[in-house]
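Student: Here's the letter readout for the chains.
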Amino acid sequence: MTLDVWSAPHIRHNETTRTIMGDAVLVLLILYAMAFYYYGPRALALGAWSVAISVVTDILCVLISGKRPNIRDFSPLVTGMLIPLLMPATIPYGAVAIAAVVAIAAAKHPFGGVGHNVFNPAAAGFSFSAICYGEKMFTYPLPLQRLPIFGAEQVVNGISPAFTLSLGGIPSYALLDMALGNFPGPMGATNILVILACLLYLSLRNTVRWEMPVSFFLTVSVFALLFPRTSAEGFESVALELMSGMLLLGGVFMLGDPVTTPKRDLSKVAFGVVSGITVMLFRRHSSMEESFSFAILAMNAAVWGFDMWGERLYSIIRRRKGGNSPDKAVPKKT
Amino acid sequence: MVGFSKGTMLAQHKEPAFSKPVVRFVNPQTDSMSIDYPPLKNPKGIRADEIIDIARAAQIVDERDGKLLYRKLVRARNKTVVVVADAVDDEPYLSSKIAPLLQFKEEVMGGLRLCQTVAGIDKLVIMAYQVLTGVHTKLPKTVDGVEVVRLRGKYPAPAHASKLKVGQGRMLIVGTGALIHLHRAVRQYRRQSTVFVTVAGNCVANPMNLEVSLGISVAQVLERCGLSAAPTRVVCGGPMTGIAIMDPEKPLITYTTRAVLAFRENELDAHYSCIGCGRCEQVCPEGLNPMYIYRFVRNSYYAPLRRFDAHLCTGCGTCSYVCPSKLAVSAAVREAKAYAASHFVSSGDEEVDDIDA
Amino acid sequence: MEIHQIRQFRKKHRIFNALLMRNPVLVMGLDLPFIIAAATSLKNAAAMAIVMLMIHVGTMLAGIATCRKLPYWLRMLVNACVSTVIMMVAQALVAGLFKGISNSLGMYLYLMAVNGMTIFQSSGLGRKAKIYPVVTGAVLSTLGFALVAAITGVIREYMGSGTLWGIPVYFPVKITALQLPFAGFIVVGFLLALSRLLNKLALSRMMREHARRNVRHAKIYIDSVETID
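From first to last, the protein sequence lines are chains S, A and L.
Using our numbering, the first residue of the first sequence is number 1, and each one after it goes up by one.
Using our numbering, the first residue of the second sequence is number 1, and each one after it goes up by one.
Using our numbering, the first residue of the third sequence is number 1, and each one after it goes up by one.
Treat the hints as calculated values from the structure; they're not laboratory data.
Since no wrong hints were added, every one of them can be taken at face value.
25 Å max Cα-Cα, derived BS3-like pairs, lysine-lysine:
no. : chain 1 : residue 1 : chain 2 : residue 2
1   : L       : 200       : S       : 67
2   : S       : 67        : A       : 326
3   : A       : 337       : A       : 6
4   : A       : 141       : A       : 154
5   : A       : 67        : A       : 337
6   : L       : 174       : S       : 136
None of these values were measured; they are calculated from a predicted model.
Same shape as in the complex, but just chain S (with noise of 0.2 Å):
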């Protein structure tokens, strides 16, 4: 009999790409459902309309570059579920349509499609829309309205705790009601409890290393802790800057998406803190109440320069630690 040949390992772990980013759209899931009571059915248009678009276009650019669609690849729809989570809930269709067309077309594919791309897709779209929207993208409604599907004109709007603080005032909501989700702002951001349970069950199942968004919530919260926006000090500043705009939504999803981000774990910390540091810089001298977005971006392509310098501290270490121990070489035999 003649067989194929194989390169070693020939056993290998069952967990597949389906796995990992199935996580994502489930924890995704859950978002839209807790996005579901407070807002309505329109927030499932929202983002059953965000996913079709984001799934036709990334099969157009698959098939323009001359690959085969591969069916299971999950990730336009992380994208396509993640975009309208950043938006208001009465936002128009188009201003989505836009995101998710830009993010797949013009940051994901142009730069390697998946797995290779510089920028995070979400935030790019997101940006996009935002300029080409503006105030429109943060008008956020009231929630626990039942908001209708189409044209939704007739609703009472709400000031977001991020306007208000990026005036210099304190948000009038109580720290209960903000932790729960009970305040304007955007679709997905507000359920503060549920998206730290989200990060929990995402850093268990390792598909976000949990030293990024850790160390970039320590440091935004030392920073907010020693520079307040507003009169309101020590703890309710810090709970005030994490808990309004979509700080903690992005610094899950978009910090630890493993692909826009650096690798090491020495430089996750180190690219966590400086983010941190920027996205808080940004917060304070930006004419947008929320600039999360561009302070991710910015961070994506200074990616590169993590990585090489963690590289290098590594590099110290292995040679280092590579002649000390003698029995290091696993005898590769047949």
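Let chain S serve as the given structure and place chains A and L on it in line with the hints.
Tutor: Okay, now just chains A and L, sitting in the frame of chain S:
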């Protein structure tokens, strides 16, 4: 975070071969060849140089690394601190070093004592991998008064062996098969003509450990144990580091064959691309970055490889094991290692103070 | 396809190369700022094309004289002075034709005096340059530039504000970010990819034509076959 005790836990699948007795599958013409050496004057008080001469005449090869045993013994005469019997089988399905230890205890201990005589010291140790899952036989704590050090932890295990705190000096590490053959050579004047091989896999009908004569073909070994299904992959060696062979009729059992595995998988050959998850870099025991090395090698961009230290790769295969896209990462890193060996002249930064070097 | 046949094809199509295969913007990378920052509507593109035509043809004609007489380092200075004078005339003409064009084009209207295509091509002419090929080349280069500017202008105006030449035309969304330069980079990037595709198709078509014309067809004579019983 910075420490490199990484690696991954593997399901061991060592039963039923582990607890079955080791069966002989020998070629009767080569089985009882004897060595050409004058009879010993004083068998009880045998001297070191006599042991070395007998080992050379019997042409014993240590299955651990393919080196002639007498050369290792010659080097072991100075500055050896401990003699270690290597019964570590950290790859799944394999038990070709631990099973002969459990079955031929006296012969292994006899060989170990002979090595002790050559090295001239007292400290003896047996190393074994603490098998975690589903094995019916327990590992003993001591064998004939010699302590069995159990290595716990993830694959690859030899990274943990350096934890044996032995102080200054060298370790003499010999595999259990070579010890058995050394004992037989000295006490019965037999030449080494067999090796211990594990035959396993999901389409082998009777997985077991065999004592096989050298020179028997892999197909005959598989036939001896029976195939319950047509295999899609036949591997000589362990499942993580072994070599897949195209035609089982051609390769023969050699001194360093540890196992013959036959697998049947129903997976389709899907071509995924790297998704940039970074799991390969999280588990590399040497602290390398297989993701970037894979990408550079695939694009034939060899210039940055000097910084990535591909020459430190030990070929354990853990990176490929955890890759969710099932890419041949380990093969790419080994290719980079070969490139580095031929193109980057190393500045001699690897000083391994070991008998086996 | 051998090299001299490629050269023959190139010579035959050299005149029209400026449009596609050696397009000054998409293939040679000249004059990109005007496309990225200023070509935000069709009117802007048309105005730029008119100004560019006058400046480019005029400066190339002057370049014939300067390249014969002057040393290299002086040529660029003289050509730039000539093109500035032409620009002053051209912008007055264009300001009369289009209303408010200097507002929408901003400084890029005046920067045309020193645009890369003109300076680069007018200073590099040889000593034996003749008038007819130089003028034809200049006109076609400008046509290439105008083509890219027009395409970009149409895309950005139509999808960006739903108008064409100021007349409202229906488009479902208004992607106003397209008017900004960063979106210009993205649009030009996609146009570059498209032009590479078209170049590849044109080259493959040339090769196929060559193969069809020049490969000698072998004539096969089949003798009658005797059957063996």
